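*Asks:* The lines below spell out each chain.
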Amino acid sequence: MLDEFFIRALIAGIGVAIVTGPLGCFVIWRRLAYFGDTLSHSALLGVTLAFSLSINISLSVFFVSGIVALLLLFLQKRTKLPGDALLGLLAHSSIAVGLVVIGFLTFIRFDIMGLLFGDILSVTLTDIYTIWGGGLLILVILYLIWKSLFAATVNYDLAAAEGMKPDRSNIIFTLLLAGVIAISIKMIGILLITGLLLIPPAFARNLSNNAQQMVVFSIIGGIISVVFGLFASLEFNTASGPTIIVVALILFILSMFAPNRDIKLKK
Amino acid sequence: MTKNPDLLVKLNNAGANISSKWLVRGVSFELFKGQILTLIGPNGSGKTTTAKMVLNILNADEGSIEIHTNKLAYVPQKLNIDWTLPLRVADFMNITSKISNTRILECLKLTGVNSLMYSDIKNLSGGEFQRVLLARAIAKKPELLVLDEPVQGVDFNGEIALYNLIKDISDQLNCGILLISHDIHFVMSSTDHVICLNGHICCSGTPSTVTKNPAYIELFGEHSASTLSLYKHHHDHSHGSDGSIEK
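Those protein sequences? They're chains A and H, same order as listed.
Using my numbering, you'd call the opening residue of the first sequence number -18 and step up by one each time.
Using my numbering, you'd call the opening residue of the second sequence number -4 and step up by one each time.
These are calculated hints, taken from the structure and not from any lab test.
The model shown is predicted, which means the values in this text are computed figures rather than measured ones.
Heads up, the beta-carbon is just placed ideally off N, CA and C, and yes, glycines get one too.
Check the hints yourself; a few may be wrong.
[Claimed, not checked] Residues from chain A that face chain H, not an exhaustive set, calculated with beta carbons under 8 Å:
id, residue
1, THR134
2, ASN136
3, LEU139
4, ALA141
5, GLU143
6, GLY144
7, ASN187
8, ASN190
[Unchecked claim] In silico DSSO-like links for lysine-lysine, alpha-carbon gap of 30 Å or less:
id, chain 1, residue 1, chain 2, residue 2
9, H, LYS73, A, LYS128
10, H, LYS117, A, LYS146
11, A, LYS58, H, LYS28
12, H, LYS16, A, LYS146
[Stated by the list, open to error] Here are some chain A residues the structure puts well away from chain H; computed CB gaps all over 12 Å:
id, residue
13, ILE76
14, ASP100
15, LEU120
16, ASN218
Next comes chain A alone, as it looks inside the complex (with noise of 0.2 Å):
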């Protein structure tokens, strides 16, 4: 009934979602949207990275994601410019880098389509363990981590006085972020990595009224957006990272009208 493929795309799939429904919360409470894109640009050089030295892509993207992570920390206490500019400044150099090195590698065929929106047809049994096996390195760090991250995302020098060393978490959190972006990239492509990251959580904040309840629903959003998207773009013939983030898109906007809770967007 169903191909091979599609079943290894969908197994991949929900582990994205379990990793990213987390992941994305604190991108959204610490404010970090631009600097998830930023990090999911820099994966282009990681890719190419990985072609030309033949490594795998996962840790290639992992690794250059990382250095871009910790090169922002560095230049936002070095530097003069302001975050967004420093963002911008670092995306689009490492995507201008990584389309440069893809011009030189004219010995390889490379599916640039693929690389930016996600291919479920390539799916491999290594990238399933790859997303399983990283995603739950990253959801146990991040289940140690949480208590001193959470206390710093609600204030910094509340959770600095009372010694819950936040800028290790701080510092940890990042190299995550790097890390769910690197064993998603195959699934999603860089250019949607962010969309998976930021809207299974824009629902799941419609709905909540506590940060626990706004992660289980963003896991929940966020398989529902794989699955559904998966199988619409095995239907339509569609890519499949767009596809999942037009069904996540869809329920953001129906989530808008559930049945008032708590808090709705400040007017």
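Please build the complex by placing chain H on the supplied structure of chain A, with the hints as guidance.
*Replies:* Just chain H now, with coordinates in the frame of chain A:
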């Protein structure tokens, strides 16, 4: 020389600077258990900076700071919570430690906001939020409590009640309190030691000696020297936060 076991904080000539401008320098003081030490001074005089050095949020760029406890609680001067984060009062009480619901309720009752336990933080008024902040700090049963203008935005009667509460807490928990306050009345009537800051320590001592100090009078004006006797206030009843009359 043996260390006094009640010593919580010791600053020795501490100072902090940002881009080669000194925010405050030459601050020395000791704070002991059961003591309330107050920092007063005009805006920009380095009160919050001093508190942040004590809390290790800011590093001292000169001098030394010793902290002899790890049970700290902090009520910051400003705390903005992003509205994208759904956070109820009960969850907020727990953010840096695990506190039982009974203890949470008990402390919220102390500051008169027990009815708000499951409200979203964003729906609180400024004064209510300030009461929650204070309750959270008390609930941790700290040895060192740092309060940076803890009653800002609280209504007049509430202000008196909260200041009395702070006084009680220092006795009950036998904790040291570092208080930043603009309320000269309370400072002069209830605190043990006053430090008057203006980029450096202008004068310090017990309230009665500080008010006679010429540096204090110059900074705060002639009239504030006479505030010691001013603070007498009596009610035969008190009000709950919702306006109901309590005995």
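*Asks:* All hints are to be evaluated individually against the structure, with a verdict given for each.
*Replies:* Hint check:
no. : hint                 : in the structure
1   : THR134               : holds (7 Å)
2   : ASN136               : holds (5 Å)
3   : LEU139               : holds (6 Å)
4   : ALA141               : holds (5 Å)
5   : GLU143               : holds (4 Å)
6   : GLY144               : holds (6 Å)
7   : ASN187               : violated (10 Å)
8   : ASN190               : holds (5 Å)
9   : H/LYS73 to A/LYS128  : holds (21 Å)
10  : H/LYS117 to A/LYS146 : holds (25 Å)
11  : A/LYS58 to H/LYS28   : violated (37 Å)
12  : H/LYS16 to A/LYS146  : holds (27 Å)
13  : ILE76                : holds (27 Å)
14  : ASP100               : holds (32 Å)
15  : LEU120               : holds (20 Å)
16  : ASN218               : holds (36 Å)
Checked against the numbered hints given earlier, the structure breaks hints 7 and 11 and satisfies all the rest.
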